[in-house]
Structure formats: structure tokens, C-alpha cells
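A.B. asks: Start from the sequences, fold in the hints, and give me the full structure.
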Amino acid sequence: MKKLMSGNAAAGEAAVLAGCTCYFGYPITPQNELTEYMAKRVPEAGGVFIQSESEIAAINMVLGASVAGARAMTSSSGPGISLKQEGISYLAADELPAVILNMVRGGPGMGNISPAQSDYLQATRGGGHGDYRTIVLAPSSVQEIADLMPLAFDLAEKYRNPVVVLGDGMLGQMMEPVEFDHIKKSEPVAKDYILTGAKGRPSRMVRSLIFDVKEQEEHNWKLARKFQRIEQNEVRYETHLVDDAELVVIAYGTAARIAKGAIARLRQEGLKVGMIRPITLWPFPTKIIQETSKTIHDFFVFEMSAGQLVEDVKLSLEGKGRVHFYGRPGGVIPTPVELFRIISRHCYQIQRVKKS
Amino acid sequence: MKKVYSRPKSLKPAHFHYCPGCGHSIVNRLIAEVIDEMNLGDKIICVAPAGCGMLIYNYFDVDCLESAHGRGAAVATGIKRVRPDNLVVSYQGDGDLAAIGTAESFHAANRGENITIIFVNNGVYGMTGGQMAPTTILDQVTTTTPVGRISEKAGHPVRMCEVLAVLDGTSYLERVAVHKPAAIVATKKALVKAFQHQMNKTGFSMVEILSPCPTNWKMDPLQACKWVEDVMSKQFPIGLVKEVQC
Numbered sequence: 018m019k020k021l022m023s024g025n026a027a028a029g030e031a032a033v034l035a036g037c038t039c040y041f042g043y044p045i046t047p048q049n050e051l052t053e054y055m056a057k058r059v060p061e062a063g064g065v066f067i068q069s070e071s072e073i074a075a076i077n078m079v080l081g082a083s084v085a086g087a088r089a090m091t092s093s094s095g096p097g098i099s100l101k102q103e104g105i106s107y108l109a110a111d112e113l114p115a116v117i118l119n120m121v122r123g124g125p126g127m128g129n130i131s132p133a134q135s136d137y138l139q140a141t142r143g144g145g146h147g148d149y150r151t152i153v154l155a156p157s158s159v160q161e162i163a164d165l166m167p168l169a170f171d172l173a174e175k176y177r178n179p180v181v182v183l184g185d186g187m188l189g190q191m192m193e194p195v196e197f198d199h200i201k202k203s204e205p206v207a208k209d210y211i212l213t214g215a216k217g218r219p220s221r222m223v224r225s226l227i228f229d230v231k232e233q234e235e236h237n238w239k240l241a242r243k244f245q246r247i248e249q250n251e252v253r254y255e256t257h258l259v260d261d262a263e264l265v266v267i268a269y270g271t272a273a274r275i276a277k278g279a280i281a282r283l284r285q286e287g288l289k290v291g292m293i294r295p296i297t298l299w300p301f302p303t304k305i306i307q308e309t310s311k312t313i314h315d316f317f318v319f320e321m322s323a324g325q326l327v328e329d330v331k332l333s334l335e336g337k338g339r340v341h342f343y344g345r346p347g348g349v350i351p352t353p354v355e356l357f358r359i360i361s362r363h364c365y366q367i368q369r370v371k372k373s
Numbered sequence: 093m094k095k096v097y098s099r100p101k102s103l104k105p106a107h108f109h110y111c112p113g114c115g116h117s118i119v120n121r122l123i124a125e126v127i128d129e130m131n132l133g134d135k136i137i138c139v140a141p142a143g144c145g146m147l148i149y150n151y152f153d154v155d156c157l158e159s160a161h162g163r164g165a166a167v168a169t170g171i172k173r174v175r176p177d178n179l180v181v182s183y184q185g186d187g188d189l190a191a192i193g194t195a196e197s198f199h200a201a202n203r204g205e206n207i208t209i210i211f212v213n214n215g216v217y218g219m220t221g222g223q224m225a226p227t228t229i230l231d232q233v234t235t236t237t238p239v240g241r242i243s244e245k246a247g248h249p250v251r252m253c254e255v256l257a258v259l260d261g262t263s264y265l266e267r268v269a270v271h272k273p274a275a276i277v278a279t280k281k282a283l284v285k286a287f288q289h290q291m292n293k294t295g296f297s298m299v300e301i302l303s304p305c306p307t308n309w310k311m312d313p314l315q316a317c318k319w320v321e322d323v324m325s326k327q328f329p330i331g332l333v334k335e336v337q338c
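Protein sequences, first through last, are from chains A and B. With the numbering used here, the residue at position 231 of the first sequence is 248, and numbering never jumps. With the numbering used here, the residue at position 230 of the second sequence is 322, and numbering never jumps.
Think of the hints as simulated: they come from the structure by calculation, not from any bench. If you're wondering where the values come from, they're calculated on a predicted model, not measured in any experiment. Honestly, I wouldn't trust all of these hints.
In silico EDC-like links for lysine to aspartate or glutamate, alpha-carbon gap of 16 Å or less [to be verified]: (1) A:Lys216 / B:Asp128; (2) A:Lys289 / A:Asp261; (3) A:Lys216 / B:Asp134; (4) A:Lys216 / B:Asp177; (5) B:Lys272 / B:Glu321.
C.D. replies: Below, the structure is given as C-alpha cells:
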């Protein structure tokens with residue numbers, strides 16, 4: 018049965034159904050509904066909820082719960098995610114699983130509480146100090162938030178690495194019907210690294226301080242090999258009307274949702290526009306973009322920032338094809354009509370160039 | 093022949109990296125003795141800090157996690173909430189506990205987390221070369237207070253036991269030292285008591301240990317011990333600060 022829920026609450030419900038037993042968080046808009054939902058729901062399910070004194074404390078509580086063997090998560094928005102970066106770097110270095118949800122708001126600095134996609138580079142480049150990556154999942158509907166939360170926990174445990182779920186204020190706060198029936202707790206993974214007290218086994222240590230540079234280099238290469246495996250195995254994306262397209266929009270999350278509306282209008286006008294929607298922002302769906310570029314030359318990057326996703330698209334294309342860009346930073350939510358106008362202008366220009 | 097003294101089982105056969113005359117090695121040994129005597133080797137989970145105490149996981153033969161600088165009380169909270177029947181101990185220095193980690197320490201104490209903090213107070217940032225710590229006493233010369241700590245510019249030394257004592261979540265707070273045999277015996281007793289408090293789930297416990305740092309105090313080990321007795325313990329009075337019924 019479907020339930021009408023906000024994206025924030027749906028994320029919480031899906032996490033609990035997926036076996037998340039620990040939630041640590043600090044209030045920040047636009048994700049408070051999640052913290053509030055978890056305050057009630059997690060203890061009901063027999064788990065641990067703490068409203069921490071700061072985002073820094075919350076991520077370190079996640080680290081402690083994770084090293085003790087639990088499925089743990091935290092959530093925040095831009096400014097709070099910046100504070101969590103210290104802990105995320107340690108989680109990656111210690112190879113500990115964790116899920117971090119970022120309902121992005123307009124920034125930099127305090128910014129505002131409107132939806133934005135301005136934390137793309139922070140999320141996809143690791144975000145904290147050192148040589149590491151986080152897996153980044155980008156839902157574009159409330160249902161998809163619910164669908165991706167269990168995957169986030171599974172991937173975090175499979176690769177022993179933090180996973181970021183990157184939404185925005187709109188996805189967090191809008192309400193949509195959501196189905197949870199398919200969400201099952203996955204089979205528990207054997208964790209031979211967790212700290213439980215050294216009963217009947219040698220003692221263990223979990224650390225990231227490696228004085229010996231050769232040993233540190235070896236550790237970094239080990240992480241790098243893991244990230245390569247993730248790049249090979251975990252790319253996820255959706256294609257929409259790409260087969261006959263003359264121009265392909267590349268957008269994720271809320272922007273992709275808006276783009277779909279615009280594409281429906283463009284198709285009514287006879288303009289052949291399709292879309293590739295990255296679901297994993299890291300690893301980035303480079304291969305599909307490269308393959309598409311063999312037949313289609315025009316790519317239109319649309320994002321709610323001044324231009325971050327566009328960098329990955331350019332990197333993927335390696336100089337092939339033409340990259341058009343439209344961004345609205347600062348928490349502005351563009352409308353499908355606005356996007357329709359912009360894209361149609363580009364389409365007609367492309368047609369004019371082709372004719373001449 | 094009867095063996096009267098040996099390496100505690102909970103100490104790995106490793107060489108301490110601590111400087112000659114440093115109090116950390118005594119504290120490490122005492123903790124290991126208490127773990128053995130209370131039979132906690134398979135129950136304890138230690139949290140190591142950033143700073144001179146960082147490498148305790150090379151010495152303690154028990155489960156250990158290395159925390160980010162100052163976050164010991166937060167990670168210990170996470171561990172303890174998941175594993176309430178384990179003994180969770182966070183080992184921290186003065187900069188770690190009372191400067192960068194003040195918020196985490198204060199709020200873990202305020203929540204009454206059933207964890208124990210072993211707080212080694214030597215009045216300086218040892219590992220980074222002897223800079224001023226929150227517990228550096230007035231007029232004490234450090235690399236960042238070259239003319240001595242002046243309160244108008246650098247604030248006052250923080251008495252953490254007394255700060256935390258006002259919080260209802262704290263159950264046992266005692267200040268001890270390791271500069272002379274009688275003090276060392278008292279320190280061991282305090283560690284036992286703190287662990288008992290945690291096992292009885294009475295709330296947050298902390299043992300603050302005044303500890304000589306001859307290298308950064310620019311003293312020989314004997315002078316450093318004397319300085320703990322004559323100067324440091326005047327600023328940080330040794331003794332029980334707070335205990336609720338265990």
C-alpha cells in the first residue's frame with residue numbers, strides 16, 4: 018500500500034526497513050522532518066537515536082556505531098555536511114560503512130533553505146581531506162529516495178565505504194505516494210573488522226594513522242583499487258527517449274524531474290530531445306555518455322548550480338560533442354516551461370547550424 | 093621462585109614510544125594492570141585520541157579504535173549505545189579533551205553516557221612539540237606562550253573535573269597524578285572505581301591524571317615530578333571531585 022510521505026520521512030522509513038538501527042543527527046533545514054521521524058521511529062524499532070550537540074559529533078557517533086557493527090546513518094544539509102567531512106574522511110580511511118544523507122540547500126555559507134544542487138563537487142570528490150571517494154546516489158522522486166536507501170546501506174557494507182545520498186530541499190520536503198512493501202532487510206554481512214571486545218579472538222585495531230609512508234601509500238592504493246572496482250560495478254543511470262534524440266539533456270535529481278517535464282513539451286513541438294539521468298553521481302556514468310556521443314553531438318547540461326555536473330560531462334566527452342549549459346544557482350527552482358524555452362532555443366540554433 | 097612482577101597480559105610486548113620520564117607509560121601500565129585484575133580484556137573497547145596517547149593501540153592487547161582529534165567522547169558514545177555491555181574507555185589528552193573536543197566531552201558527560209574517559213593532563217600539546225594547552229597554567233612558558241601564559245591574552249587553565257561536576261549526568265570524577273609512588277597507587281584505585289561506575293551504569297566517569305612531560309617542560313624527569321607536586325597540583329587540586337552512589 019502506498020503512503021503519502023515527505024522525502025525526508027520516506028528516507029527514514031526506508032532506512033529503518035533496511036535495517037538501520039542507529040541514527041545520529043543535528044537540526045538543520047530542509048531535512049528536519051527526517052531527524053524528527055527518526056526520533057520516534059528508530060527507538061520504536063529497538064534502535065539508537067541521539068540528537069547530537071553538533072554535526073561533527075553526529076558523524077563521529079556514526080563512526081562509533083559502525084565500528085561496533087551497527088548499520089548507522091546521519092543526515093544534514095550543506096553547512097552541516099561541511100562539518101561532517103572530517104568524520105567522512107575518517108570513515109573512508111578506516112574503511113567503515115555509513116550512510117550520509119544531504120538534503121542540499123542554496124549556498125555557499127549560510128545560503129538559504131531552498132533546494133539546490135550546489136554540493137555536487139563536494140559530494141563526488143570525497144569532500145573531506147585525503148585521497149578518497151564516496152559513492153553518491155541521487156534520487157529524483159520520493160519513491161526513489163525510498164528505493165535507494167536500502168541500496169545505500171548495502172553498498173556501504175559491501176565496499177566498507179561511506180555512501181552519500183544527495184537530495185535537495187525539494188525532494189526532502191515534497192510529499193508523494195511511496196511504496197515500501199518491496200523493501201527487505203538484506204542478509205547480514207560478516208564483519209570481521211568490528212570491535213566487540215576481544216572475546217575468543219585476537220584483539221583488533223581500527224585506525225587511520227600510518228606513520229610509515231610506504232605503508233600509507235599501500236593503504237591508499239588499496240583504497241584506489243576499491244574505488245576502481247566501484248567504478249566498474251556500480252554505475253547506475255536512467256535513459257529517457259535517447260534513441261532518436263538530436264540533443265541529450267544530462268541532469269540528475271530534481272533538475273532531471275524538471276527536465277522530463279520540459280522534454281515532454283519539446284517532443285510535442287517535434288523537437289527530438291532525450292535525457293541521460295545519472296543515478297550514481299560517483300561513480301559517474303561516463304561510458305553511456307561516451308557511447309551516446311558517437312551518434313549524438315549535442316549535450317545539454319542542466320543543474321541547479323552555477324556549473325558543477327557540467328565538469329563531469331565534459332570530462333566524460335573528452336572533447337567530443339558540444340556541451341550546452343543552463344544552471345540556476347542560489348536555491349532557484351526553474352520551471353519546466355522556462356527550461357523548455359531555453360532548450361528549444363538551443364535546438365533551433367543547432368538546426369540552423371546544420372542547415373548552413 | 094615466586095614471580096611478583098611481570099608485564100600485564102593486556103600489554104603487548106612492544107616498546108613504548110614515550111619520552112623518558114613521561115607519565116603516559118605509567119598510566120598505560122596501570123590501565124593494563126586494572127584490565128587484567130578486573131578481567132576486562134575481552135570486554136573493553138578502547139578509544140585512542142590524537143596526541144601522545146594516540147599509539148595506545150600498539151600497546152594494549154584489546155580492541156581499539158583511533159578517534160579523530162577531540163572526538164573520543166562522540167565515538168565512544170556510538171560504540172557504547174550499540175554495545176551497552178562492553179566497557180568503553182576513551183583515552184584523551186588535555187588539548188584533545190578540553191580544547192578541540194570540549195563540546196563532545198561536555199555533552200557526552202551531560203547525557204550521562206556510560207563511558208569512562210581517562211584524561212591525561214600534562215598542560216601542553218605534547219606530540220606537536222609543546223604548544224599551550226587549555227590546561228597550561230598561568231606564566232607557564234610553552235612554544236606558543238614564549239613569555240608565559242598571560243590570562244588577558246590566552247585565557248585561564250581549565251579545570252575539567254570541576255567543569256563537568258556541575259552536570260547531572262556525571263557520576264564519578266576524580267583527579268589523580270603519577271608523579272610519586274603514593275599517587276600512582278591512588279591512580280590505580282581511581283581507574284578501578286571509574287570502571288566499576290561504568291559497569292554499574294551510573295553515568296559518565298572520568299579520571300583526570302596529572303602527568304609529567306619533562307621533554308616539553310624543558311626539565312629532567314625529577315624536576316618534572318617536583319613541578320607536578322609544587323605547582324601543577326596547586327592549580328589542579330588532587331582528590332575526588334564528585335561521586336554519586338555506585
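A.B. asks: Decide, hint by hint, whether the structure agrees.
C.D. replies: We went through each hint and held it up to the structure:
1. A:Lys216 / B:Asp128: holds, 14 Å
2. A:Lys289 / A:Asp261: Judged against 16 Å, a Cα distance of about 7 Å means the pair holds.
3. A:Lys216 / B:Asp134: Roughly 4 Å separates the two Cα atoms, so the pair holds.
4. A:Lys216 / B:Asp177: holds, 13 Å
5. B:Lys272 / B:Glu321: The given pair, whose Cα atoms are some 9 Å apart, holds under the 16 Å limit.
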